[in-house]
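> Residue strings, one per chain:
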Amino acid sequence: MSVAEPTPTLTRKDFTSDQEVRWCPGCGDYAILAAVQRLMPELGVPKEDTVFVSGIGCAARFPYYMNTYGFHTIHGRAPAVATGMKLANPKLDIWLVSGDGDALSIGGNHLIHLVRRDVDLQFLLFNNQIYGLTKGQYSPTSVLGQRTPSSPMGSVDNAMSAAELALGAGSRFVARSVDTDLKHLPKVLTRAHQHRGTSLVEIFQNCVVFNDNAFGHFTAKDVASDRQLMLEHGEPMLFGADNGKGLRVRPGGGVQLEVVTLGEDGIGIGDVLVHNETDRVLAGALAQLQPPAFPVALGVLYCNPGVTTYDRAVRDQVVQARAKRGPGDLNRLLRSGHTWKVEL
Amino acid sequence: MTLSNAPATSPSNTAGPERKALDQVVIRFAGDSGDGMQITGSQFTETTAVAGNDLATFPDFPAEIRAPAGTTFGVSAFQIHFANHDILTPGDAPDVLVAMNPAALKVNLVDLKDNGLLIVNTGAFTSNNLKKAGYTSNPLEDKSLQPYRLMEIDVSKLTLDAVKDLPINQKDSLRCKNFWTLGLMYWLYGRDTSGTVRWLQQKFKKRPELAEANITAMNAGHAYGETAELPSETTPFTIDRATLEPGEYTNITGSSATAWGLATGANLAGLELVFGSYPITPASPMLHTLANLKEYGVVTFQAEDEIAAVCAAIGASYAGALGITASSGPGIALKMEAIGLAISTELPLVIVNVQRGGPSTGLPTKTEQSDLLQCVWGRNGDAPLVVLAASTPSDCFEMAIEAVRIATRYMTPVFLLTDGYLANGAEPWRIPDVSTFERFPVTFRTDTEGFHPFLRNDELTRNWAIPGTPGLEHRIGGLEKAYDSGNVSYDDANHQKMTWVRDERIRRIADHVEPQKVNLGEDSGDLVVVGWGSTYGAIHQAVKNARRSGLSVSQVHIRYLNPLPRNLGELLSRFKQVLVPEMNNGQLVKMLRAEYLVPAEGLNKVSGKPFKIAEIELAIRQRLES
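Protein sequences appear in the order of chains A and B. Per the working numbering: the first sequence ends with 359, consecutive numbering throughout. Per the working numbering: the second sequence ends with 622, consecutive numbering throughout.
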């Protein structure tokens, strides 16, 4: 019997590469990088089995700063590259880092198919509602009417919701957090890592240069408690100062949510809806909530693992084929059609 | 001809009048897309191969799955050339044309040789079908078919009569008429029907009544031949076995050969194969073949688009498998940015381009060689890679292995060019013994000492370190990297050096591949005909014919298109004239002129059909017989 060697304890430093970080001072990406580097040792995955994969954009530089394996690919295509990695080696623990332009515009198709296939990896979508690296054009998540160099009279494009898109495409894990929320973000990332399948985490990330304070209306300290709903599975959905407000299904038919105040109109805690992260309809409703009428839903909106994942299902078929037909024999393959012999 | 092992259920092949021996025949089956001409053709091909003839085929079908019945654009054809000697092309012009309806006659008659045998299904020559085919008078009645030996047969009615007692409906009954026709052709060429009987029984295992109906129809067609009156000068034929090298043979299409070659190559490299692909004509059959090879360590990924297909292949290569993708022209265009990434990151990747008529959607089911420049040059930046081309269906097997060998040994993307004609065409193939092949196992880097991802050997090939290897954690990407560390670098001198490295390392591969040989003729003379890809057979035969009349002409057929063989320029300079036939508007000819300053001249054909031998032979004679 062999005795397992004790795994040397890794620290944040072990996951920090020797490359100088080149984001703008004050960029939200720094906070996310720090959170991820701190979290890595706790997850207990060997460094050599960890791969960070990205597309193009500010967020896409992320792999260079992680002392793991990493691949900075091309615009929008990281999900496809990561899928190929997972098909070649399902043991790899893959973190995909993308932005709103990369994931939702040029790479929208790949995101859709990644989540519907349910490839087992973590997808971190840094949403700053702007194109940063190309200097400030509006993105698919920019608000309607936003003035940018490419929309001087205001954008006429409707904004899209990453969470709703992912749910619509069949995603089995959708969560949200905020770049600078040092307590919440690691918790959400840990949940994403535990989940088997594609775990989509939308991180609201501040672009200090081109779209500063885009999320201030719900992240600023003075409004945060009123405008953020921190979801916990099995817990009533409460928010506001002293958790004085809650969400319930509006009486009188339909599945509209409404905000109620505890203690008003006879509302008690029992009237408040309890979060069930396996309820896809509820997740869809939560994904839609927007200030000022509603708080932004943060945390795990939806988590409902499938019986298998794409990469596992593909491998299972290889195993089945070998069990049924034995290991491949090329000489037999080449003779699998109609053959005949020519004699001397 | 030995047909002694025909089972009792097959009609005898020796009955009837005496058979006339022929050296070779070209037959074209033509009908509506729904008439089953491709099945008829491929069954005839299998049977002909088993009978020991050498053969080459040319399936030619419309892009629509079922174009409106009876129209000229819905005509589907299958040509087979078979002989008692070595042949390389499906034949210039058919000796026999089987026309299942007026549209098939209209489209194909122009190619039939004078005095050729024309078999027509009169049952389909209704006024409505004649109108749809654009005939103003019935060619069966207006004497326009007099130059041919016409066999008028109401195949539709005879088929219905043959199967009338079987429990199938009228529609299914009529659909057996291609097998009736096949039966007649089997009789005409003294073929054994038993292979097709077995095939039908297997194909319709779950609907045995359909198997029985088709077999009955085929036997009826065969019996008809024994009793029918043939046109004058027409007798049934025999074609002796071709003298083929001893060995075990199978009939192979370019598609299967490519897929098997890729699987074999990956095996020789000791790697799993991850094949990313998006359905496209005419490349999809490779995906179908590879999807069924899971036990060989082949994983297929039907991607959401062409870009995802190549990107998944690149990801797989990064992770230590061999990533391969395949497509055709328009799909290849979509993949190009990602191929640039594989060039920049120096990862092995094989891209098979089954070329078709372009530009844009072009002619999906027709053949062309117009993607050469796209593959050699079609990327942003100075982005060199290796480009190979297969010459025949069976050469696809060899070149697919070579593509894998080069991709893994030199850490580079490799294009393998085939085309619709090679992919769909078939020929007998002497099956090699894979156990005798030289293996080229990949060694992944494990040594952490002094490691960086772009450390190079003498061939300028970088080391391949894969995720999962402790101590070799590293990052790669599409940004320029420093020569000395692999880290991102915007340094001007470094970019100059890296651009040189990327170019030089591809050039040096020419030192390790076979030098260009002269495929036929002397290594100097009046004219050399230089080709690449599927034109091999037509060029070879044309050069052979011209040489028989004493002309000083040689054939050089290029399989390594980038880098070009080291000796090619010197070889071409020893000829007074250089003729370059291509199924495009002049692509290789540009490369040869640019690279070697030789007076190369193009011979270009872009009709969606392969060259005829006569077309190339004429061009040779025009240059040498003045």
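Just so you know, these hints were derived from the structure itself, not from any lab. Accuracy of the hints is not assured; some may be wrong.
[What the hints assert, rightly or not] Some residues of chain A that are not near chain B, with every Cβ distance over 10 Å (derived):
1. 56
2. 67
3. 95
4. 159
5. 208
6. 231
7. 240
8. 269
9. 345
10. 352
[Claimed, not checked] With a straight-line cut-off of 30 Å between C-alpha atoms, the simulated DSSO-like cross-links for lysine-lysine are:
11. 160(B) - 339(A)
12. 16(B) - 356(A)
13. 16(B) - 540(B)
14. 109(B) - 356(A)
15. 356(A) - 102(B)
16. 102(B) - 540(B)
17. 339(A) - 540(B)
18. 540(B) - 109(B)
Ideal Cβ positions, reconstructed from N, Cα and C, are used throughout, including at glycine.
> Taking the closest pair, is the beta carbon of residue 269(A) still more than 10 Å from chain B?
Holds: least Cβ distance 35 Å, greater than 10 Å.
> Taken at face value, is the distance from the CA of residue 540(B) to the CA of residue 339(A) at most 30 Å?
violated (50 Å)
> Minimum Cβ separation between residue 67(A) and chain B greater than 10 Å?
violated (8 Å)
> The output says residue 345(A) does not contact chain B. Does that hold with a beta carbon cutoff of 10 Å?
violated (4 Å)
> Holds or violated: is the Cβ of residue 352(A) farther than 10 Å from all Cβ atoms of chain B?
At roughly 5 Å from the nearest Cβ of chain B, residue 352(A) sits no farther out than 10 Å, so the non-interface label is violated.
> According to the definition I'm using, a residue is off the interface if its beta carbon is farther than 10 Å from all beta carbons of the partner; does residue 231(A) meet that for chain B?
holds (33 Å)
> Sort out whether residue 540(B) lies within 30 Å of residue 102(B), counting only the CA atoms.
violated (33 Å)
> Measure nothing beyond the straight line between the CA atoms of residue 16(B) and residue 356(A); if it is 30 Å or shorter, mark the hint as holding.
Holds - the C-alpha atoms of residue 356(A) and residue 16(B) are around 26 Å apart, at most 30 Å.
> Checking one constraint from the list: CA of residue 109(B) to CA of residue 356(A), max 30 Å. Satisfied?
violated (34 Å)
> Closest CB-CB distance from residue 159(A) to chain B, is it above 10 Å?
holds (29 Å)
> For the pair supplied as a hint, residue 540(B) and residue 109(B), confirm whether the alpha-carbon distance does not exceed 30 Å.
holds (22 Å)
> Classify the label on residue 208(A) as holds or violated, using whether its beta-carbon is more than 10 Å from each beta-carbon of chain B.
holds (17 Å)
The structure is inconsistent with the numbered hints 2, 3, 9, 10, 11, 14, 15, 16 and 17, although it conforms to all the rest.
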